[in-house]
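Chains A and B, in that order, give the protein sequences. Heads up: the first sequence begins at 1 in the working numbering, then just goes up one per residue. Heads up: the second sequence begins at 1 in the working numbering, then just goes up one per residue.
One or more hints might be untrue.
[What the hints assert, rightly or not] Subject to a maximum C-alpha distance of 30 Å in a straight line, what follows is the list of computed DSS-like cross-link-like pairs (lysine-lysine):
1. 2(B) with 57(A)
2. 11(A) with 106(B)
3. 98(B) with 57(A)
Simulated from the structure, these hints should not be mistaken for laboratory data.
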Amino acid sequence: DAGITQSPRHKVTETGTPVTLRCHQTENHRYMYWYRQDPGHGLRLIHYSYGVKDTDKGEVSDGYSVSRSKTEDFLLTLESATSSQTSVYFCAISEFFPGPDTQYFGPGTRLTVL
Amino acid sequence: QKEVEQDPGPLSVPEGAIVSLNCTYSNSAFQYFMWYRQYSRKGPELLMYTYSSGNKEDGRFTAQVDKSSKYISLFIRDSQPSDSATYLCAMNSGGYQKVTFGTGTKLQVIP
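Bound-form chain A, shown alone:
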């Protein structure tokens, strides 16, 4: 998985609790992304980062926040988890050479919110 790890790989939590997912890369890629994958929706971008402390929202960012204090780590926080946030979360990284925005994905975190 191109030097990308995600932790935890599985998590069950209760509605209303905060949850933090971690993505760690060893590729020194500039861009990092958080997606969620749900049946019928495919992969949807939550947030992305284009450098340390530089982040921006994706198409489904409500209820999520991110932080990137080091090149290699990108954290996704669910501020108060809801059942609609039950999903599989993927981290991805990209660099611009050899092509545009070709992304490499981590193994995913399966999150269940009860």
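Got chain A sorted already, so can you dock chain B onto it with the hints?
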């Protein structure tokens, strides 16, 4: 209407068959087209990417883009059981633009 449409399948074929996977899109600004393969409970992995129109071949895989029809295809020759996976198309307009993904087509190659 979604920007990228992809038949979810499942598509079942016998081993050795030629497989055709397709996506249509509506955004004429898309210039870069990618295919990802995703095994069950794994992250997507990049198979191929192409720029603009034309064909690109890599082993048993051929990616084809027809920008005039807003239609892209992935062909798999001599399909193997190990090709059983979900195939996602993806595209963007380049530069710092976000990537838009199809919902994926599930392929099963039967021995």
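Hint by hint, here is what the structure shows:
no., hint, in the structure
1, 2(B) with 57(A), "20 Å, holds"
2, 11(A) with 106(B), "26 Å, holds"
3, 98(B) with 57(A), "11 Å, holds"
In summary, this structure violates none of the numbered hints.
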